[in-house]
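Use these hints to put chain B onto chain A, whose structure you have.
Order-wise, the sequence lines are chains A and B. Going by the numbering used here, the first sequence opens with residue 1, and the numbers climb by one from there. Going by the numbering used here, the second sequence opens with residue 1, and the numbers climb by one from there.
A hint or two may mislead.
[Said to hold, decoys possible] Ranges of calculated distance between the beta carbons of each label pair, as one might list FRET restraints:
1. S2(B) to F40(A): 23 to 29 Å
2. E162(A) to A33(B): 54 to 60 Å
3. E284(A) to V126(B): 31 to 37 Å
[Said to hold, decoys possible] Restricting the straight-line Cα-Cα distance to at most 20 Å, the calculated cross-link-like pairs of lysine to any residue (SDA-like) are:
4. K122(B) to Y136(B)
5. K142(B) to V290(A)
6. K142(B) to A45(A)
7. K142(B) to W44(A)
8. K142(B) to L279(A)
Derived by calculation from the structure, the hints in this document are not laboratory data. No residue lacks a Cβ here, since even glycine has one placed at the ideal position from N, Cα and C.
Now for the letters of each chain:
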Amino acid sequence: MPLDLSDRVQTVPPSGIRRFFEIAEERDDVISLGVGEPDFATPWAARDAAIASLEAGKTSYTANRGKRELRERIADYVADGFALEYDPADEIIVTAGASEAVDLAFRTLVDPGDTVAIAQPSYISYEPGVIFAGGEVLSVPTSKADEFTLTVEALESAGADETDLLVLCYPNNPTGAVMSEAELEPIAEFAREHDLTVLSDEIYAELTYDGEHTSIATLEGMRERTIVFNGFSKAHAMTGLRLGYALGPAKAINAMNKIHQYTMLSAPTTAQHAAIEALDSCDEEVREMVAQYDRRRQFVLSRFREIGLDVFEAKGAFYCFPEVPDGWTAEEFAEGVLREEGVAVVPGDVFGAGGEGHLRVSYATGLTDLREALDRIETFVEEHV
Amino acid sequence: MSEREVLELLRENARYSTADIARMTDLEEDEVAAAIDDLEAAGVVQGYQAVVDWDELEEERVRAEVELNVRLDRETGYDDIAERLARFPEVTAFRLVSGDYDFDMEVEGDSIREVSQFISEKVAPVPEITQTVTHYVMTSYKENGIEFGDGEEDDRLSFSP
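Just chain A, with the same shape it has in the complex (with noise of 0.2 Å):
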């Protein structure tokens, strides 16, 4: 048969949100707050150096790794912003976004018939990674009580002790969730114990509120088994540019090259000439925009608590995660809120076990329209609950 697509393509279900997409469509009033990227343009200085570079005519192919000059700036930038001390030589790589980074970990580590532990809820593209790649998902749901952190606890009770691989990402999409080195440390002493490799994506680092992001990867004993993912599209706001890195020993950082050399070849380039900008001369902007999501955050907050939703205290990322009331499930309240009041969140539950009864609401976006949307689920609520 002809375009006999694969199974393993197959397997993997469309996107959960495809459907909400078309209803959001309908009316031309939505506020969204549905989207996972910040809603500020990159800033000047780096948007500059892009076009400065496109006139100069610097369009070839970079350095499969990414451009020696901006590995050395990464390394000299995670070193002082999260005390990880990589060589840019051999342990770092540039991608096309953190996502391309994270499949060519799953693609370099999974063998067909491995399993890959993935706490849950998280970025809806570890698990058709791990799919793509052959192996198989265990979920490890992670739930309110703990303030979604990851728990021993919930990694033994899924059975991730059998697994290889380990995922998580923190401060977490879509909970807004951080973990701090206490509560990182257990987990690093059930990855050593087990024998578990750690993919971490820190790709939200930056936007931790309260307190300093901790790298896994710091831990002790936990250098040699890490993978760290980050990259500019949230701190730096470059989504469209398409850039990201990993971190990691040279054994992996090698052959994840290897898969990259031969299909992407390079990270943009012209994305990269904007990220060596962005990490020389941008740290006030970035700054800047961590302490407007910072209000933004505790504005949201307070909001759901006067309205009544039941939100715990989010702190990372640009993502709250309130519950929706008694008797609703989150499609439902998810469906209303946008055919009614012409608000977008997000269901939960397309972001897995755990997710379930909750909604991602995302505070990238510009207070008078956070206002508005906040006013009107309030509406919503009187009017349903």
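Here is chain B on its own, set in the frame of chain A:
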């Protein structure tokens, strides 16, 4: 420190309600109100104004930046001259600056004639003033940190992972 935070928010948008400022910070609403009172009483906050793009209005509004050079003497200092000129309602800003001239004065009026008359009749004759250079504002692109124009449209997808 809380005053500083409130000030920052007022500088961002002076029309934020005290309730909204409280929601955005760790403060209670009455603490926000007290912080604003204190800022006003201490003279830190001198007033609140709308940022206007005059090009969007039908009627004419003429604005000029005027460079002023002065000669001081034993009896007259910068402050004396500033006090004398800043009192005119036509003057919207008045600053002592470094560089080629002494004062940077902003003037507003309903017509070029009115503004020119003000400068030639009220400003130039002041004995300490040795020179005036008037620049009429042709177009304003940004004022008080706010860029003019239609703003950039949000072209993000309404749902993204």
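Now for the hints, and whether the structure bears them out:
1. At roughly 26 Å, the beta carbons of S2(B) and F40(A) sit within the given window of 23 to 29 Å.
2. The given range of 54 to 60 Å is respected by E162(A) and A33(B), whose C-beta atoms sit roughly 59 Å from each other.
3. Restraint check, E284(A) to V126(B): a C-beta distance of roughly 42 Å breaks the suggested window 31 to 37 Å.
4. Restraint check: the Cα-Cα separation between K122(B) and Y136(B) comes to about 17 Å, which is no more than 20 Å; the hinted pair holds.
5. The straight-line distance between the Cα atoms of K142(B) and V290(A) is roughly 24 Å, outside the 20 Å bound, and the hint therefore fails.
6. Of the supplied pair hints, the one linking K142(B) and A45(A) holds, its CA atoms being roughly 18 Å apart against a limit of 20 Å.
7. Our distance criterion of 20 Å between C-alpha atoms is met by K142(B) and W44(A), whose separation comes to about 15 Å.
8. Note on K142(B) and L279(A): the hinted pairing is violated, with a Cα-Cα distance of about 27 Å set against a maximum of 20 Å.
In summary, the numbered hints that this structure violates are 3, 5 and 8.
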